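The listed protein sequences correspond, in order, to chains A and R.
Per full-length UniProt numbering, numbering through the first sequence is continuous, rising by one, with the last residue being 409.
Per full-length UniProt numbering, numbering through the second sequence is continuous, rising by one, with the last residue being 387.
Be careful, since some hints might not be right.
Stated by the list, open to error - Across the chosen pairs, the derived CB separations fall in these ranges:
no.	chain 1	residue 1	chain 2	residue 2	range
1	R	R72	A	P220	51 to 61 Å
2	A	K107	R	M295	18 to 28 Å
3	R	Q92	A	V128	44 to 54 Å
4	A	G294	R	A16	16 to 26 Å
Because the hints were derived from the structure by calculation, they are not lab data.
All figures in this text were calculated on a predicted structure; none of them were measured in a lab.
Glycine included, C-beta positions come from ideal geometry on N, C-alpha and C.
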Amino acid sequence: MLITIIIILAVLSGLSFAYGAHRAKVWEDSKQRLSSRPGHYAWYAVIKFTVPSWLLLFAALLLKTTKIAVISPAVVLACSALLVIAGFIISSKKFSPLLNARVIVEKHIRYLLIAASLVSILTTVGIVFSILFEAIIFFKHVNVIDFLTGTSWNPDTAFLEGAGRESEHAAKPEFGSAPIFAGTFMITLISLSVSVPVGLFAAIFLSEYASNNFRKVFKPVLEILAGIPTVVYGFFAALTVSPLVVKVAGFFGLQADYTNALAPGLVMGIMIIPFISSLSDDVINAVPQSLREGGLALGTTKSETIKQIILPAAMPGIVSAILLAVSRAVGETMIVVMAAGLRPNLTWNPLEGMTTVTVQIVDALTGDQAFDSLATLSAFGLGLVLLIFTFIINLVSTYIVRRYRKIYE
Amino acid sequence: MAYLNEHDKKLKKRYAAEKRFQLYGKAALLLAVAFLVFFFYDMIKTGYTAFSQTEIKAEVTFNEETLQMPNRAVSKADRDVLSRGFLRILPQVVEEHPEYMNTTQTLWVVAKGDVDQYMKNKPNRLNDREIEYISNLRGADKIRLAFNTGFFTTGDSKMPEIAGIYAAMMGTILVLVVTMLLSVPLGVMTAIYLEEFAPDNKFTQLIEVNINNLAAIPSIIFGLLGLAIFINFFNVPRSSALVGGLTLALMTLPVMIISTRAALRAVPESIRHGAYGVGASPWQVVWHHVLPVSMPGILTGWIIGLARAMGETAPLLIVGMMAYIPDVPSGVTSATTVLPAQIYTWSATSLRPYVERTAAGILVLLTVLLALNFTAIWLRNKYERKW
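All chains, full assembly: derive it from the sequences and hints.
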């Protein structure tokens, strides 16, 4: 039925186009001066005759898929027919060589463009609301303070509550997420301790020391690291790096879990290198040449110039690059899902298994619990924390970059 | 003299520091490159064996009885080393080759997973009797390693020896079609609006802040969005290509917008002024002059967005695309799996033979992604114009 309506509307649109084009051609053939190109008249006809019907169909579809109201196809078809006829009666009278169809058509194009730009706003609103809405339901049952500071995460028995069996002798579900945040923090820390020095030094070398040809080759090579899918990194971390870590730890007489935090942390650090190196490279290049020359003229060596003049000048940009890397690491999912553990573990030992916010979100949402169970909803509680954290990091880094820009322009 | 010595010492120290500093930079770069080399070496080493597959020359009897009870189609000794997957599809074989009916054919049949692992000198669970039988087969030239066409022509399976990536590849293509159909027009339109039409006011600033924020949001959050909005609110079927495509489209939208804007910005003002000068309207300027000139740059952005969407896994897990789906999806609303999700499900199984298949799937994925990225770079270099 939907297909039929779409075909009917498409045919009507085609006819409208042909009608507009025909009218314009008749004027042109009789050597009248047109105020717009013939194509504009054709599109004008399409807009005035059939676009209202398309919008109606779209609205009816939205209402139907969201199950708010079902409008029968017959009604939609009848209304569309009325709209087309009304549009034809009202607008075909206005057709004349003097009609400035171009301006009207372009006004509608602009509406279309604005509508497209609104999608990005709608996406943000959708993200915030979908997460906030479910998270509020979650926080009705679980105290926010307990959630943020509790040290015991044990959501598995939440389904009993849904089944009306909470009085049975099972342990009550617990939602203390401190160990999860601790795990996230630990893995992020490990990854930054790899990516920041390596990325920064690589950027310094490429922008200050390396020849042009060398840079042309090695910058894309570094960027390959960012193009490898995270699921691949996850497989690599779990299959190759984790056993390696266990072996090396064993060599030093240490006991390491196979799902240790070190392996995903290290691999994630490698993944983040290009984010740091590319952004740092940009800001180091943006430092004015005069500062370099001034430093060298005072008799400093190149590395002294870099350390004492260029890096301080580029520091705000570098800090914002590091902040972006932090938000990358905190939000990274596949590597930790595949290589870090599921066990919430409050420890400083990176050789033990830990879990992160993203792992718990995936675990809660791919499990077999009902969507409205607290265990599932906890994913949205964690998602909210992740979202707020990302927003704050983003705000801070934008602020830093903006301040930095003012200095050298 | 003492003073000069002192000075020389200091200078030596400073030069040493300079050398050390350069060394750190070289070491950092070397480390990254070494990792990359090791990573590719490791993946290829783990995965290349999956491109060949052990086959055994076996006598297969086709008749009414064996079609009912496929176990009787082959000898008892062969039954232990052949893939049960082959016996299961006997009726299909007859359908394809009606002339086989009521005959006994000598065919190359896929061996079972552990035999395959044994042939590749990998850990396996064969017992001594089976190993002896295989060495007999080897003596009689009845066992071989052939190119694994099945890997590219079959879907997922619970039997590793006949598991392939065909269904996942088709699913990936379908999901990406949905993604591109949505994100390309939306991205280009948004970019055109922001770059060519938008007045500088609070509204456009809001859009810009939004786009930058969206680009920084972790991909898993888009999965939550897909789950809460598309599946629970709009009732799009779970694990379908439609919901996966929609989610990925929203995720790649910022990439598309940002790259298209950069391409549009690279078009010099003089072209616009020239067009206005001969009486073009704002849209005519964009459609007839700015867009054609900036097309290579926009295309590069599409390819990069496509590559990004292709490798993404986390949001797709959330919208349910990690189920066991052996069949090619029949449409955008049927259950679908994609290549990265297939890699994830394989890596999560405990059977050894899946490891090499996972790595082989990764090699295929990486090949496609690298090809896409190189195309983007090539396109940029070929059509980049300095104005």
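Results of checking the hints against the structure:
Remark: the range hint 51 to 61 Å for R:R72 to A:P220 is upheld by a beta-carbon distance near 59 Å. For A:K107 and R:M295, the hinted distance range of 18 to 28 Å is satisfied, since their beta carbons lie about 26 Å from each other. A C-beta distance of roughly 51 Å is found between R:Q92 and A:V128, which places it inside the suggested range of 44 to 54 Å. Taking the beta carbon of each, A:G294 and R:A16 are about 24 Å apart, inside 16 to 26 Å as hinted.
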